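A.B. asks: Quick note, the sequence shown lines up with residues 1 to 980 if you use the UniProt record's numbering.
If you are wondering where the hints come from, they were derived from the structure by calculation, not from laboratory data. Nothing here was measured: the structure is a model prediction, and the numbers come from that model. Errors might be hidden in some of the hints.
[As the list claims (entries may be wrong)] Straight-line Cα separation of at most 25 Å, DSS-like style, residue types lysine-lysine; simulated pairs: (1) Lys399 x Lys613; (2) Lys628 x Lys403; (3) Lys605 x Lys647; (4) Lys637 x Lys647; (5) Lys431 x Lys399; (6) Lys613 x Lys637; (7) Lys403 x Lys431; (8) Lys613 x Lys403; (9) Lys411 x Lys585; (10) Lys628 x Lys647; (11) Lys399 x Lys637; (12) Lys585 x Lys403; (13) Lys628 x Lys682; (14) Lys632 x Lys399; (15) Lys585 x Lys605; (16) Lys613 x Lys647; (17) Lys958 x Lys919; (18) Lys873 x Lys863; (19) Lys958 x Lys882; (20) Lys613 x Lys632; (21) Lys637 x Lys605.
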Amino acid sequence: MAHITKQCSWRLSCLLIKMCTCPLPTALPLFTFLPVCLSFCLTETVMDTRTATAELGWISFPANGWEEVSGYDENLNTIRTYQVCNVFEPSQNNWLLTTYIDRRAAQRIYVEIRFTVRDCASIPSVLGSCKETFNLYYLETDRTMSEGIKGVDTIAADESFSQVDFGGRLMKVNTEVRSFGPLSKGRGFHLAFQDLGACMSLLAVRVFYKKCPSVVRNFAFFPETLTGAESTSLVIARGSCIPNAEEVDVPIKLYCNGDGEWMVPIGSCSCKAGYEPDNACSCPCPQGTFKSSQGAGLCQQCPLYSLSTIEAATLCGCRNGYYRGDMDRPEDMCTSVPSAPRNVVSVVNQTSVLLEWHPPRETGHRDDLSYNVLCRRCHSSERRACQPCDDSVVFVPGKRALKDTSVEISKLRAHTSYTFEIQAVNGVTNKSPYPAQQLSINITTNQAAPSVVPIMHQVSSTSRSFSLSWPPPEQPNGIILDYEIRYYDKTFCGVASTMIQSETPNVVLEGLRPGTGYVVQVRARTVAGYGAYSKEMLFHTLTDDEYKSELGQQLSLIAGSLVGGVCIVSLVAIAIICTSSPGVKIYIDPFTYEDPNEAVREFAKEIDPSCVKIEEVIGSGEFGEVYKGRLKPVGKKEIPVAIKTLKVGYSERQRRDFLSEASIMGQFDQPNIIRLEGVVTKSRPTMIITEFMENGALDSFLRQNDGQFPVIQLVGMLRGIASGMRYLAEMSYVHRDLAARNILVNSNLVCKVSDFGLSRYLEEDTSDPTYTSSLGGKIPVRWTAPEAIAYRKFTSASDVWSYGIVTWEVMSYGERPYWDMSNQDVINAIEQDFRLPAPMDCPVVLHQLMLDCWQKDRNARPKFPDIVSMLDKMIRNPASLKAGTNNLPPGPPHHPLLDRGAPDLSRVSSVEDWLAALKMTQYRDSFLGSGFTSLPLVTQITAEDLQRIGVSLAGHQKKILTSVQSMRHQADDQSPTESV
1 MAHITKQCSW
11 RLSCLLIKMC
21 TCPLPTALPL
31 FTFLPVCLSF
41 CLTETVMDTR
51 TATAELGWIS
61 FPANGWEEVS
71 GYDENLNTIR
81 TYQVCNVFEP
91 SQNNWLLTTY
101 IDRRAAQRIY
111 VEIRFTVRDC
121 ASIPSVLGSC
131 KETFNLYYLE
141 TDRTMSEGIK
151 GVDTIAADES
161 FSQVDFGGRL
171 MKVNTEVRSF
181 GPLSKGRGFH
191 LAFQDLGACM
201 SLLAVRVFYK
211 KCPSVVRNFA
221 FFPETLTGAE
231 STSLVIARGS
241 CIPNAEEVDV
251 PIKLYCNGDG
261 EWMVPIGSCS
271 CKAGYEPDNA
281 CSCPCPQGTF
291 KSSQGAGLCQ
301 QCPLYSLSTI
311 EAATLCGCRN
321 GYYRGDMDRP
331 EDMCTSVPSA
341 PRNVVSVVNQ
351 TSVLLEWHPP
361 RETGHRDDLS
371 YNVLCRRCHS
381 SERRACQPCD
391 DSVVFVPGKR
401 ALKDTSVEIS
411 KLRAHTSYTF
421 EIQAVNGVTN
431 KSPYPAQQLS
441 INITTNQAAP
451 SVVPIMHQVS
461 STSRSFSLSW
471 PPPEQPNGII
481 LDYEIRYYDK
491 TFCGVASTMI
501 QSETPNVVLE
511 GLRPGTGYVV
521 QVRARTVAGY
531 GAYSKEMLFH
541 TLTDDEYKSE
551 LGQQLSLIAG
561 SLVGGVCIVS
571 LVAIAIICTS
581 SPGVKIYIDP
591 FTYEDPNEAV
601 REFAKEIDPS
611 CVKIEEVIGS
621 GEFGEVYKGR
631 LKPVGKKEIP
641 VAIKTLKVGY
651 SERQRRDFLS
661 EASIMGQFDQ
671 PNIIRLEGVV
681 TKSRPTMIIT
691 EFMENGALDS
701 FLRQNDGQFP
711 VIQLVGMLRG
721 IASGMRYLAE
731 MSYVHRDLAA
741 RNILVNSNLV
751 CKVSDFGLSR
761 YLEEDTSDPT
771 YTSSLGGKIP
781 VRWTAPEAIA
791 YRKFTSASDV
801 WSYGIVTWEV
811 MSYGERPYWD
821 MSNQDVINAI
831 EQDFRLPAPM
841 DCPVVLHQLM
851 LDCWQKDRNA
861 RPKFPDIVSM
871 LDKMIRNPAS
881 LKAGTNNLPP
891 GPPHHPLLDR
901 GAPDLSRVSS
911 VEDWLAALKM
921 TQYRDSFLGS
931 GFTSLPLVTQ
941 ITAEDLQRIG
951 VSLAGHQKKI
961 LTSVQSMRHQ
971 ADDQSPTESV
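Using the sequences and the hints, build the whole thing.
C.D. replies: What follows is the structure in structure tokens.
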């Protein structure tokens, strides 16, 4: 490196010398060469009589005034001079006019005059008025026209002469400098000297102007610059970066003052990455070295396992088999992937397994080693036929990014073979073209008792009894034989417990005391024995007075229907919170910003990526993966979050569209709107972080819990959605994609509106009836109001239409709106005034609310505040939700436009076809294994049979029994030869 520095220093000297082009005195020593060069370059001479070798040819008036003669200066050098000495004559007025002088664009001119003056007292017999001064004038001209003559100054001698020596008169030379300006009316000028009665000689006249020389300052080149018109003027000079330099601060400029000196530097450049700062940025980093950033740094040797084969390298490339991670710096060494973990040991305990292993021998020279555990369930007869484990399998502490060398896996299936693959990964695993090194182990679980019953619901209550129901365990681990219920009077603190058995997931506890609380638990039994008891839950009987009063009946219904953490007090509290928002804001569309990134900075909080911990993939979106993770803000409690990421290789438009959802969400603050925690935009990957909703999307959550919730609890969910939409409407925000799939549900069954990423417009030239949006997706025809489909009129009224569809989805437990109809059939049916019928067991008041939302005239539809008010009245009066419920079988009614929507049970020929028509193929093995192998046998099935074969969900039981009843009616209407 020393030879590089020496070479670059010499280049600097050469560069600066070349920049100074003025004549230099030869007698100066080398170390003073550069400063003197710069000082000489401060002036530019345009006329100097000392260099004249012939007559000057100036004009004298009158003719007997100034006289041009040859003479000698004080160093006895031959010079041309002008003399005047008419002091013996009165009233002198002698003028001397120089030849034309080109000013070369200078605005201020300096005149240096060397002259001698005779002392008037030493001249005898002076008849006129003797002077020891003369006047200096200038006359601007462009060779064709002249401006008026202008005075510069009256010049007096500092010293005059009077003595005479043997060689002649002893001269005392005066030197005076005067300036004048601004010059702007011509390309040049003349100087004029006026004598009013002096005896003097003009020995030399030098005319010059001042300038600031070209210079390199802060790695920027500034050109030669003339001074201003006034001695106090500052002239701005714009600079440009020298070769191999880049701007740091702009604008880059210097000020040239009236004395030709540079001052007040503003802005700067610095050497590009790959070049050392030798004051000229002319020294590139040699092979084997690099400089990664712009600025003052020096070239460095390539880190381990990397190399550079060119000059001016900004990064050393990694050798084969070595990589840099996304967060690694160019100065960091290249690293490799780890080898596989070693010596895995498993301990199986019924349906749980503990895995422990040793770290890999090679960590890849990195300290960010972690482990992923992949689970696959295999068929016992053919181990190769494996599939990913269910989401219900639990990994503690997790299954991705593990730092410890052990994991406990539970909620596996009994008597099932599993393969577990343990991957060792680090920060460059994703850079390698080869899969991560892993270690596999095969295990088989043991027979196990069923898991815990998750929750119990109180169906009804009297003063002497109450009725309970519950869903089966998530992991039955075999056929449930029966349930054991344990309960005791809370007053006696469990001293005397009573136990009873039930073969079905429901029971009526009788012989109880009025107005008393009872603690109840339940557990399931298989051939492997009993599972653990459920958590203790408290249920109350009514007092005699409560049981007799109508008000007591209403309160008991509400109390019995909101078991599981949702109660009427919570609903009222949420209603109060949602209706007491002071000063509603107005939504601002982020696409109205000239720079959409500005909207992100204004509405979304930037989060330090070190506060975010990604745990596992839970889904995928249009722009990338969606993860579950943890957020630990500084000084706050860690919380679970959902993390949307932007995939690698995105375009700037994709990044803008991705972050626009954060710009929208960040403006909302309401309990029923998904909450934005913040964004990560200053590092990769780009992330949007929101609160985590444990139960996921509403449509899939309802399908998984078909028939499990009382009507009033469903109404509570709808009330939360309406409250969120009321808030959006008050902010003048139109959602445009309101559907159950875009409603998220947390662990307390609170519903929150989400997904604000739908394109804000429809393409103008689309002819596809599904209306392709600008993002390439489809406009949700089944949820969209007719005026929005036909005329692109999206308003809060069109959101109300969509809310009616969401209400239908909720009451049908996630059924697909309009079933299997095509989008065009849906559009045609709505145009012909068809509306979706009420789902099974849907109260008339709720279906009427749907029909109100589906009014063709958008102005006739209710507003969201009206909908919230209607639902509040239903919650306060639960009896309104029981009267006139709809008990029609599921599926669409007979309608000429909906022939393909309803399952045609008259055409099914087998149990498999029948279950497929009902969308319940998951019960195929249960039906066939229990002996129901033909449709005639199915028509004889009872509710007890369904419980016995494992159909425990009330909604599924009702759908099957309704279908069986329909088949019975069809059989009764047919002749014996045509019957099923």
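A.B. asks: Each hint: holds or not?
C.D. replies: Going down the list of hints, with the structure as the test:
1. Lys399 x Lys613: 13 Å, holds
2. Lys628 x Lys403: 17 Å, holds
3. Lys605 x Lys647: Holds: Lys605 and Lys647 sit about 21 Å apart, inside 25 Å.
4. Lys637 x Lys647: Distance of about 29 Å is beyond 25 Å: violated.
5. Lys431 x Lys399: With Cα atoms ~21 Å apart, Lys431 and Lys399 stay inside 25 Å; holds.
6. Lys613 x Lys637: Distance of about 14 Å is within 25 Å: holds.
7. Lys403 x Lys431: Distance of about 20 Å is within 25 Å: holds.
8. Lys613 x Lys403: 12 Å, holds
9. Lys411 x Lys585: Outside the cut-off at roughly 47 Å; violated.
10. Lys628 x Lys647: 16 Å, holds
11. Lys399 x Lys637: 23 Å, holds
12. Lys585 x Lys403: Roughly 45 Å between the alpha carbons, so the hint for Lys585 and Lys403 is violated.
13. Lys628 x Lys682: 21 Å, holds
14. Lys632 x Lys399: 20 Å, holds
15. Lys585 x Lys605: 18 Å, holds
16. Lys613 x Lys647: 18 Å, holds
17. Lys958 x Lys919: Between Lys958 and Lys919 the Cα gap is close to 14 Å, so the pair holds against 25 Å.
18. Lys873 x Lys863: 16 Å, holds
19. Lys958 x Lys882: Within the cut-off at roughly 17 Å; holds.
20. Lys613 x Lys632: Roughly 8 Å between the alpha carbons, so the hint for Lys613 and Lys632 holds.
21. Lys637 x Lys605: At roughly 17 Å apart (the allowed maximum being 25 Å), Lys605 and Lys637 satisfy the hint.
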